[in-house]
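Asker: Each chain, letter by letter, is given below.
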Amino acid sequence: MIITRRTLLGAAAAIACAAAIPAFAAKPLTIGFSQVGAESEWRTANTASIKDAAKKAAVNLKFADAQQQQQNQVKAIRSFIAQRVDVIAFSPVVETGWETVLREAKNAKIPVILTDRAVKVTDPSLYVSFIGSDFVEEGRRAGRWLLEYAKKNGDKPLNIVELQGTTGAAPAIDRKNGFAEVIGANPKLKVIRSQTADFTRAKGKEVMEAFLKSEGKKINVLYAHNDDMAIGAIQAIEEAGLKPGKDIIIISIDGVKGAFEAMKAGKLNVTVECNPLLGPTLIQTAQDVVAGKPVPKRIVVNEGVFPAEVAAKELPNRKY
Amino acid sequence: MSTTGATVKPSAQAAASRAALLQHPLVRPLGALVALLLVDAFLVPGFFHLEVKEGHLYGAIIDILNRAAPLMLAALGMTLVIATRGIDISVGAVVALSGTVSAMLIGGSEPTTPMALALAASLGVALLCGLWNGVLVAGIKLQPIVATLILMVAGRGLAQLLTDGQIVTVYYEPFFFLGSGYLAGLPFSLFVVAAVFAVTLLLVKKTALGLFIQAVGINPVAARLAGLRTATLITFVYVFCSACAGLAGMLITSNIKSADANNAGLLLELDAILAVTLGGTSLAGGKFSLVGSMIGALIIQTLTYTIYSLGVPPEVNMVVKSIVVFVVCISQSSEFKNILRRSA
Numbered sequence: 405m406i407i408t409r410r411t412l413l414g415a416a417a418a419i420a421c422a423a424a425i426p427a428f429a430a431k432p433l434t435i436g437f438s439q440v441g442a443e444s445e446w447r448t449a450n451t452a453s454i455k456d457a458a459k460k461a462a463v464n465l466k467f468a469d470a471q472q473q474q475q476n477q478v479k480a481i482r483s484f485i486a487q488r489v490d491v492i493a494f495s496p497v498v499e500t501g502w503e504t505v506l507r508e509a510k511n512a513k514i515p516v517i518l519t520d521r522a523v524k525v526t527d528p529s530l531y532v533s534f535i536g537s538d539f540v541e542e543g544r545r546a547g548r549w550l551l552e553y554a555k556k557n558g559d560k561p562l563n564i565v566e567l568q569g570t571t572g573a574a575p576a577i578d579r580k581n582g583f584a585e586v587i588g589a590n591p592k593l594k595v596i597r598s599q600t601a602d603f604t605r606a607k608g609k610e611v612m613e614a615f616l617k618s619e620g621k622k623i624n625v626l627y628a629h630n631d632d633m634a635i636g637a638i639q640a641i642e643e644a645g646l647k648p649g650k651d652i653i654i655i656s657i658d659g660v661k662g663a664f665e666a667m668k669a670g671k672l673n674v675t676v677e678c679n680p681l682l683g684p685t686l687i688q689t690a691q692d693v694v695a696g697k698p699v700p701k702r703i704v705v706n707e708g709v710f711p712a713e714v715a716a717k718e719l720p721n722r723k724y
Numbered sequence: 275m276s277t278t279g280a281t282v283k284p285s286a287q288a289a290a291s292r293a294a295l296l297q298h299p300l301v302r303p304l305g306a307l308v309a310l311l312l313v314d315a316f317l318v319p320g321f322f323h324l325e326v327k328e329g330h331l332y333g334a335i336i337d338i339l340n341r342a343a344p345l346m347l348a349a350l351g352m353t354l355v356i357a358t359r360g361i362d363i364s365v366g367a368v369v370a371l372s373g374t375v376s377a378m379l380i381g382g383s384e385p386t387t388p389m390a391l392a393l394a395a396s397l398g399v400a401l402l403c404g405l406w407n408g409v410l411v412a413g414i415k416l417q418p419i420v421a422t423l424i425l426m427v428a429g430r431g432l433a434q435l436l437t438d439g440q441i442v443t444v445y446y447e448p449f450f451f452l453g454s455g456y457l458a459g460l461p462f463s464l465f466v467v468a469a470v471f472a473v474t475l476l477l478v479k480k481t482a483l484g485l486f487i488q489a490v491g492i493n494p495v496a497a498r499l500a501g502l503r504t505a506t507l508i509t510f511v512y513v514f515c516s517a518c519a520g521l522a523g524m525l526i527t528s529n530i531k532s533a534d535a536n537n538a539g540l541l542l543e544l545d546a547i548l549a550v551t552l553g554g555t556s557l558a559g560g561k562f563s564l565v566g567s568m569i570g571a572l573i574i575q576t577l578t579y580t581i582y583s584l585g586v587p588p589e590v591n592m593v594v595k596s597i598v599v600f601v602v603c604i605s606q607s608s609e610f611k612n613i614l615r616r617s618a
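Those protein sequences? They're chains X and C, same order as listed. Under our numbering, think of the first position of the first sequence as 405, with each following residue one higher. Under our numbering, think of the first position of the second sequence as 275, with each following residue one higher.
I should point out that these hints are in silico values taken from the structure, not numbers from a laboratory. Do not rely on the hints blindly, as some may be mistaken.
As the list claims (entries may be wrong) - To give an idea of the chain X side of the interface with chain C (calculated C-beta under 10 angstroms), a few residues:
| hint | residue |
| --- | --- |
| 1 | T571 |
| 2 | G572 |
| 3 | R597 |
| 4 | T600 |
| 5 | A601 |
| 6 | D602 |
| 7 | K607 |
Said to hold, decoys possible - Using 30 angstroms as the maximum straight-line C-alpha spacing, the simulated DSBU-like pairs for lysine-lysine come out as follows:
| hint | chain 1 | residue 1 | chain 2 | residue 2 |
| --- | --- | --- | --- | --- |
| 8 | X | K650 | C | K595 |
| 9 | X | K594 | X | K555 |
| 10 | C | K480 | X | K621 |
| 11 | C | K595 | X | K524 |
| 12 | C | K327 | X | K622 |
| 13 | X | K460 | X | K621 |
Each residue gets a CB set at the ideal place from its N, CA and C atoms; glycine is no exception.
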């Protein structure tokens with residue numbers, strides 16, 4: 405009995421630490437937002453943008469960090485439904501498995517907006533809008549840059565290694581497919597290794613180390629699905645006594661500050677921007693939805709491609 | 275063992291000693307590691323190839339050892355905790371916290387805090403974490419999994435709070451030596467592990483500490499009645515475990531030159547528990563093997579590396595891992611051996 409009570413006490417304390425979502429009385433618009441986590445610089449810029457935009461628009465934002473776990477996200481969405489927020493927004497950790505909880509939101513008549521990542525659902529009416537980048541297009545842009553590079557450099561055969569994002573995540577799947585689709589035009593470009601590195605620096609370094617050992621000097625190009633994995637891989641390449649950006653051409657996606665610093669140092673060749681500053685668009689869309697205005701099902705944000713040549717000039721302009 | 279019959283009599287003794295050797299608890303984990311390395315030797319060209327690059331050894335084996343260092347440290351601490359029938363699931367959080375503290379204190383290209391002080395501070399934070407766990411378990415008598423769950427959640431949360439969720443990049447060169455420097459041609463992290471391992475081994479083999487820990491694990495009540503200060507002992511193992519985790523956190527942070535509060539050491543506690551289990555230490559407490567846990571950690575890292583080197587598609591990584599772990603675990607089950615023997 406004593407043990408049970410102690411156990412309960414401990415569990416309660418743990419839960420209190422874990423999910424201290426403040427419950428304010430909602431007068432203005434209340435948005436419940438479930439973020440993937442804080443796995444990269446990109447993500448933290450994304451979070452900051454949403455928080456800032458909410459503050460500026462005097463919107464009450466309930467923010468929950470899912471720490472890259474789908475179950476946390478499902479829990480957060482259920483708690484938003486229970487709290488009767490006006491709009492639920494979230495960046496899904498993975499693409500699938502959302503049917504049930506989104507139906508619960510729909511039954512509760514709470515509109516859902518997806519940000520940054522899409523979901524796979526059979527019924528598209530489960531969400532009102534998806535604001536974010538076109539990941540397939542980002543993959544294509546990375547591929548196009550490489551096609552150009554290959555053409556300019558004598559059209560030699562190039563062996564590519566790929567660092568994928570979290571297995572099953574929309575950006576990982578789309579960036580892989582978009583890239584593969586474009587480089588398929590040149591049979592001399594071949595992906596010889598492709599492995600997940602979870603979008604993190606540590607894994608990017610670890611996987612690249614293994615690639616360097618098993619493929620060695622055969623590797624000409626590294627394609628990383630985000631900048632942080634590329635930054636980790638750059639360290640591995642340097643420790644192997646090679647020059648990143650020269651001995652191995654490096655292409656990555658996101659366009660975070662760290663990537664611009666690496667490009668300035670000549671260690672990264674190009675980054676395809678994936679704009680994280682979705683906050684203002686999200687808040688505007690949420691307000692429109694609640695006001696009953698029609699919103700587009702798909703909102704694409706503005707993005708560019710930044711090769712190393714413009715990095716030094718662009719670096720001071722970077723907000724993230 | 276069919277050693278019956280007159281013809282085999284001379285070799286019966288040899289067979290018996292061979293059987294005794296096969297009974298040794300370290301045979302199975304070692305066998306699993308060797309089997310994995312053999313797979314690599316056959317399927318990964320140049321797996322055992324070592325060369326000297328920029329004055330240090332360079333090769334797959336070195337990578338595995340270097341990458342396994344944080345896990346080995348965590349497994350060392352976890353072994354002692356598990357030997358007392360406990361468990362510490364806050365290891366990953368302590369890794370994140372100590373890594374964050376060291377990175378934040380050291381800061382940019384010129385350290386804002388002297389490095390020694392920064393490292394001492396982050397080790398201090400880890401020790402405090404351990405003390406917190408120890409007091410909850412030994413003092414307030416919370417169940418270990420619940421007690422350490424609190425820190426598992428709060429520790430990482432605190433690290434994220436400190437960094438504002440950002441990755442803290444370190445630019446101070448001397449700090450990198452810890453996790454990616456080389457001494458006598460070998461990664462420096464290995465020396466850290468070797469030192470901690472040697473000290474731990476000395477403590478549990480040359481002093482009565484090992485016996486005490488085992489006694490607490492086998493029967494805590496009897497151990498207390500026999501006059502052991504069980505509460506102090508249990509607190510000590512949690513402090514030790516957190517200290518190991520703290521060191522692991524510094525190695526990881528130094529290796530990737532940045533502290534990533536959200537991902538550093540994520541699920542490391544589970545890998546550490548797995549390493550301890552693979553090494554033949556029972557979760558029921560009591561007997562434990564530090565060497566076994568080291569081998570267990572190496573099995574896990576070799577397995578990860580093998581998956582990368584073989585080009586296993588990422589979608590099936592987990593399946594491959596779980597199959598290997600399943601086979602190794604089941605091969606250690608005496609119940610399973612009995613079933614095999616009966617059906618044979």
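Asker: If a hint holds in the structure, say so; if it doesn't, say that too.
Answerer: A quick look at each hint next to the structure:
no., hint, in the structure
1, T571, "5 angstroms, holds"
2, G572, "8 angstroms, holds"
3, R597, "6 angstroms, holds"
4, T600, "4 angstroms, holds"
5, A601, "9 angstroms, holds"
6, D602, "8 angstroms, holds"
7, K607, "8 angstroms, holds"
8, X:K650 with C:K595, "35 angstroms, violated"
9, X:K594 with X:K555, "15 angstroms, holds"
10, C:K480 with X:K621, "49 angstroms, violated"
11, C:K595 with X:K524, "28 angstroms, holds"
12, C:K327 with X:K622, "18 angstroms, holds"
13, X:K460 with X:K621, "52 angstroms, violated"
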